[in-house]
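Asks: With the hints as constraints, model all of the structure from the sequences given.
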Amino acid sequence: MLAIRFDRFGGPEVLNPVEVPAPIPGPGEVLISVEAAGVNFSDTHLTDGSYLGADRLPHIPGSEVVGRTPDGRRVLARVSNGYAEFAVAKESHVFDLPPDLDAGRALALMTQGLTAWHLLRTAARLSPGETVVVHSAAGGVGSLAVQLAGEFGAGRVLAQASTPEKERLALSLGADGIVAYPLGEPADIVLDAVGGPLFDRALDSLAPLGRLVTYGNAARTPFTPVDPVRLRATGTSVIGFWLRPALAAPGALGTPLKALLGLVAQGRLRPIAHRVYPLVDARRAHEDLLARETVGKLTLTVSP
53 MLAIRFDRFG
63 GPEVLNPVEV
73 PAPIPGPGEV
83 LISVEAAGVN
93 FSDTHLTDGS
103 YLGADRLPHI
113 PGSEVVGRTP
123 DGRRVLARVS
133 NGYAEFAVAK
143 ESHVFDLPPD
153 LDAGRALALM
163 TQGLTAWHLL
173 RTAARLSPGE
183 TVVVHSAAGG
193 VGSLAVQLAG
203 EFGAGRVLAQ
213 ASTPEKERLA
223 LSLGADGIVA
233 YPLGEPADIV
243 LDAVGGPLFD
253 RALDSLAPLG
263 RLVTYGNAAR
273 TPFTPVDPVR
283 LRATGTSVIG
293 FWLRPALAAP
303 GALGTPLKAL
313 LGLVAQGRLR
323 PIAHRVYPLV
333 DARRAHEDLL
343 ARETVGKLTL
353 TVSP
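First residue of the sequence shown? That's 53 in this note's numbering, and the numbers climb one at a time after it.
Treat the hints with care, since some could be wrong.
Claimed, not checked - Label-pair ranges, simulated between beta-carbon atoms:
| # | residue 1 | residue 2 | range |
| --- | --- | --- | --- |
| 1 | Ser224 | Gly78 | 40 to 48 Å |
| 2 | Asp123 | Pro234 | 53 to 61 Å |
| 3 | Ser355 | Val278 | 46 to 54 Å |
| 4 | Arg125 | Ser289 | 19 to 27 Å |
Rather than coming from a laboratory, the hints here were simulated on the basis of the structure. No residue lacks a Cβ here, since even glycine has one placed at the ideal position from N, Cα and C.
Replies: Okay, here's the thing in structure tokens:
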């Protein structure tokens, strides 16, 4: 089968199309003929070796696919090696899709949708009426977090984005306003995947008992050490979040994913599917993602 693999850590240039044997499902697993694979920012960290729990080499990236099971079901699945014509998933990680939901929007709900859900519910523990600031609000996670924060009862949802076009998208998704630092008002919750100077500005902008949830380091710069005395003074918190351990809890994958699919079906959640690339152009997808030239979900098409 055709797959995208990297044999050494590095930038997008290490991603290469290769022919490898198709995977063989074991007990409790299902083989999926891949229609499309999702691309996530975490894939770029996996490729350059900076990802938490970096995999051994060589490696086929990709954590989510839409495809067909041997009995013909069209499904969304969480996998380990999704940039390929075939992938294997645990049966408990496979979910039937409605026929009218396209692959890009479905894929947006897996890694990015679950991340947005758990950032607000599990990590930040959003309470009704609180003010939420979402960094990278036009990105895959951010565009969903803006919508879900409102769905979960936030009093105000404020967006931070890098271009006027991305700011307009965040407003169209329900953000109440666009913010720049220093904030005009303290925030109860800030969701940050950027790190660097933006992390420090966000920490300075928290309201008493506010929570800054860090779930990435797109800036790829060292974090400034946080003085506990600084946190105690106002009762603020810095919370680290990584989706992989969060999904180990019972019901942490299936329950929210089914809820997300339900919100899409009701028209209350709009996943943004952006660019589509052929599988062999995975390198270009990573380049565009790193250049911040994209919004919403990127997908690799594998089969029609």
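Asks: Between Asp123 and Pro234, does the C-beta distance stay in 53 to 61 Å?
Replies: For Pro234 against Asp123, whose Cβ atoms are near 57 Å apart, the range 53 to 61 Å holds.
Asks: At the C-beta level, are Ser224 and Gly78 separated by a distance inside 40 to 48 Å?
Replies: holds (45 Å)
Asks: Using the beta carbons of Arg125 and Ser289, state whether their distance is inside 19 to 27 Å or not.
Replies: For Ser289 against Arg125, whose Cβ atoms are near 43 Å apart, the range 19 to 27 Å is violated.
Asks: Check the following: the C-beta atoms of Ser355 and Val278 are separated by a distance inside 46 to 54 Å.
Replies: Given range 46 to 54 Å: holds, Cβ gap about 47 Å.
In the structure shown, a violation is registered for the earlier hint numbered 4 alone.
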